[in-house]
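Engineer: The lines below spell out each chain.
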Amino acid sequence: MFIAYALISLYGFGGVLAWSRRMMVEERRWLTPEQFNEAYALCSFLPGPNIVNFSVIFGSRVRGPLGGLVALVGLLGPPMLLIVIIGALYAHYGDLPALRRALIGVTAAAAGLIMSTVAKMALPLFRNRAVGGPVIALATFGAIGIAQWPLPIVLAVVLPISLALAWVRP
Amino acid sequence: MKDFGALGTLAWFFALMSLFAIGGANSAVPEIHRFAVDVQHWMTDPQFSDIFGLAQLTPGPNVIVVTLIGYHVAGLTGALVATLAMCGPTCLLAFYVGRTFDRFRGASWQVALAGGLVPVTLGLTAASAVVVARAADDSRVAVGITVATALMTYWIRVNPLWIFAVAALLGMSGMV
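If you read the sequences in order, they're chains A and B.
Using our numbering, read the first sequence as starting at 1 and increasing by one per residue.
Using our numbering, read the second sequence as starting at 1001 and increasing by one per residue.
Just to be clear, a hint being listed does not mean it is correct.
Unchecked claim - One-sided and incomplete, this derived list gives chain B residues near chain A with beta-carbon spacing under 8 Å: (1) Gly1060; (2) Leu1068; (3) Pro1119; (4) Ala1129; (5) Ala1133; (6) Ala1150; (7) Tyr1154.
Derived from the structure by calculation, the hints contain no laboratory data.
Yeah, the Cβ is synthetic: ideal placement off N, Cα and C, and Gly gets one too.
Construct the entire structure; sequences and hints are all you get.
Structural biologist: See below:
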């Protein structure tokens, strides 16, 4: 698990959601797509960095408190080490134009990777016969991603509706 | 003593910020920016942008931007203190909530809670992809890279690292 998380973190350009899903659902099959969505949703609504929360919840589910700690250290340790080294180099050498240009390319690719990951995550939701879930997901996406309305207001409207729908028709 | 003061400030500030990081560490970035640049004068605006860019460039969870800010303010100890403050308290919370959640697995309130949170989270994550794309895609080649990556990683089981390597080379060559 430590190795899996260390790999997830070191592959994770532009965020680690995509790599977490790839590792846990597609490669090692530790979680089904539905289980992954559920755990990820729970972690997103807990305060704190969501993937960090995810590692703790997943790790402790498999091996108790120690498992949670191992997953956490695997996720945070390698990139912390790396970024301190990069930060120190940067402090010495200032900015490297080639590096910055490479970053632009990688970030563009990372955006595409997040898109395909979300599309895969949404599959179980859209296969379900109920219409409520997809409508809520699309409305939230439109309000934040396209209309760029403020997050707190959108959540205050969408979340109660979504919870009520799920309560009435599980 | 001054160092201790800076470490104390890093600790309480990032512990507080972690509570605002709902839906991902990046939700707290605007407030972190305001505090680090305008209130504490730890760094200038361009320095903050560079630090944010470096954190994006470095693989790993987005939260490591906090590590780098801590490092900038108070060296290695600062990096450690800031990261622990940002992750420690909320990890404990996640641990207990996760356990409670598992204990009531199958209870009707639990099924409804998960069922209600999942669609909203998917919508939010999709929106975050658009936000990242909007920031990154300021040329046609960049848009092309985003679309090609999305299609390839969705339909064929290619390791995305190869795509990233090609994208980095395209960027370095100045084509993006």
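Engineer: Confirm or reject each hint.
Structural biologist: Hints, verified against the model:
1. Below 8 Å, beta-carbon pairs count as interface contacts, and Gly1060 of chain B has one with chain A at about 3 Å; its hint therefore holds.
2. The criterion of a C-beta within 8 Å of any C-beta in chain A is met by Leu1068 of chain B, whose closest approach is roughly 5 Å, and the hint holds.
3. With a cut of 8 Å, the hint placing Pro1119 of chain B at the interface with chain A holds, because the nearest CB-to-CB distance is about 4 Å.
4. Hint status for Ala1129 of chain B relative to chain A: holds, with the closest Cβ pair at about 4 Å, below 8 Å.
5. With 8 Å as the threshold, the beta carbon of Ala1133 of chain B comes within range of chain A, its nearest partner Cβ sitting at about 4 Å, so the hint holds.
6. A cut of 8 Å between beta carbons decides the hint on Ala1150 of chain B: the least distance to chain A is about 4 Å, and the hint holds.
7. Checking Tyr1154 of chain B against chain A by beta carbon gives a least distance of about 4 Å; that is within 8 Å, so the hint holds.
Violated hints: none; the structure is consistent with every hint.
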